[in-house]
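Peer 1: Here is what each chain is made of, one letter per residue.
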Amino acid sequence: MRTSVKKLATAVSASVALMAAGQATAEIKIGIAGPMTGPVAQYGDMQFSGARMAIEQINANGGVDGEMLEAVEVDDVCDPKQAVTVANRLVNEGVQYVVGHLCSSSTQPASDIYEDEGVLMITPASTSPDITERGYELVFRTIGLDSMQGPVAGRYIASLNPERVAVVHDKQQYGEGIATAVRDTLNASGVEVAMFEGITAGDKDFSSLITKLKQADVDYVYYGGYHPELGLILRQARQADLDAIFMGPEGVGNKDINTIAGEAAEGLLVTLPPSFDQKAENQALVQAFADKGEDPSGPFVLTSYTAVQLIADGIEQAASTDPADVAATLRANSFQTPIGTVQYDDKGDMQSFEFVVYEWHSDGSKTPVN
Amino acid sequence: MQDLLYFLQQLINGLTIGSAYALIAIGYTMVYGIIGMINFAHGEIYMIGAYTALITITGLAALGIAWLPLILIVALICAVLVSSSMGWAVERVAYRPVRGRHRLIPLISAIGMSIFLQNYVHLAQGSRNIGFPALIQGGFQFGSPDSFQTSISYMQITIFITTLICMTALSLFISRSRTGRACRAVSQDLGMANLLGIDTNRIISATFIIGASLAAVAGLLLGMYYGSIDPLFGFIAGLKAFTAAVLGGIGSIPGAMLGGLILGVSESMTSGYLSGEYKDVVSFGLLILILLFKPTGLLGKPEVEKI
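Line by line, the protein sequences are chains A and B.
So the first sequence is residues 1 to 370, counted in the UniProt record's numbering.
So the second sequence is residues 1 to 307, counted in the UniProt record's numbering.
It cannot be assumed that every hint is accurate.
In silico contact screen, one side only, chain A against chain B (beta carbon under 8 Å); selected entries [claimed, not checked]: (1) P39; (2) T200; (3) L209; (4) K212; (5) A240; (6) D256; (7) I260.
Quick look at which bits of chain B chain A covers, simulated, 3 or more residues with Cβ under 8 Å [said to hold, decoys possible]: (8) 122-130; (9) 141-155.
Chain A residues, not near chain B, derived (Cβ > 12 Å throughout) [claimed, not checked]: (10) S49; (11) N59; (12) G62; (13) V64; (14) E70; (15) T85; (16) T185; (17) T321; (18) T337.
Just so you know, the hints here were simulated from the structure itself, not pulled from any lab data.
None of the values given here were measured: they were computed from a predicted structure.
Just so it is clear, CB atoms sit at the ideal spot from N, CA and C, and this is done for glycine as well.
Produce the complete structure using the sequences and hints provided.
Peer 2: Below you can see the structure in the form of structure tokens.
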């Protein structure tokens, strides 16, 4: 008698386990890869918050063709070596769709792995043109390129008729890429670039650079890079009485620059994607973020949301979960998303994406200038 | 005239950063001088000093205390206390049990300690840059207001004076005090000093405590000078200070001071006259050159083979 009860119990638990396994397969895994820790973790927060919201909303509406989306979140610390490790981990876990990575220098090596392993990747933040220059089939983005952002900044500075401009960058793929585009645009519009020079990311002492900027007597300084360095440059420049106006790309445009630079952040110019959260058609979505206590105003929140939505729409329209079919569908059609109509070119770049110049304030707010 | 002012400004920039490097380098050089190991966790001790100072300053501000000298002195005392007990504990936990083994073992232990402390601060304080309040502002200006002006800020002056006081105090301590004499004896011959009744464990602990205290002073000063700190703050500074110690001759205290100043000035001159991109190339190139022609560093004593 005892044994038969035991057998029955085993049989029941085995069948329960089988049923659970059966349900678990009806899920589409979406990898979200970005920095959860490290110096640029706050951009990762934006990315994760946007992607999670999209997954929640799609699942609440019945998923994609009845299949639920499941997020697999990994931390690449915005470090190229870590990015390769986590990309391999996602592939091993059977993930076929990735929203990420964030830093261009991480996205580039990770995308090699995804392309080889047949994983579709949409980066919501990497703006380096090189990423889509390699003829990859499965690499897309929901953000513009440095080659679009640099000229916007360069043309804006040129329109102010400056006498002398300095262009500084952090020698990394993202920063140097934009800085080069800014310099070329300035040169083309006949503005003298008095200085074009790199610093080392992670440095803390910029007194020599600032002395040099003072000596060169520049009116404008464009900095290609991220906020930890520019925050310090602004602060140390203010202390050394350098009265030039600084400008930077969206990598410097977040509230952390205020905790570093304090008052010196006032008047900084930043090129950013337009505030998608201000658009009338996105107000329901903005409210959904507010209900969760999250802030949708960061530059990468809605681009990440869009990346997830494109994957879901792509799977639905292709009627297939094969990433190659989904990629072909994304290229062939146009999609209505919170960041506007998305239409891809052959390389996987959006055909149009605009950047706007903002003036940054010492309380962390910003106002458009043109 | 303008070129001279520019040169002076770069010199001031270099000397400021160089004196801070020297303060950190003392910790490397004293430990090496006494037990012949490189304490790679020293940069992290400096970072912890900076964090402690910032936490103290924020805490005092929250209590409504606004009298600057009091804030600075309390922050300095707290930073020195926390860092020096940390320096002592690191030696006790990670180095003493492996002392006297193969050279590589304490080295690996030190690297492990460095990684541990860095990640501990990552977890405890978060990985973001934290702004350091600018407590000492303003400065002197030289030259006509229409063209280039050389400026020396009160902050830079504070760094020079504090470094000078610390270095003088350290030199007096090493040359005059009983413990200082014991330190010199231990660095010359640890075994013999032990036989002569010197408590070598106590002297080694004292060395770690002195090095950590100076690093904490540097942490407070550089935190204020730069304006922000993060958990990786100690890594690069530690590397630079280690270079300064080797440049001046590792094991030699005046060598660490000289090495720090040379490194600081060569960095700022390279950024000022060549390009910031070549800053590290020139400083490390200089290190290689000096080591090629004078392997013991500028002021290092040639090692006498003991028979």
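Peer 1: Which numbered hints does this structure break?
Peer 2: none
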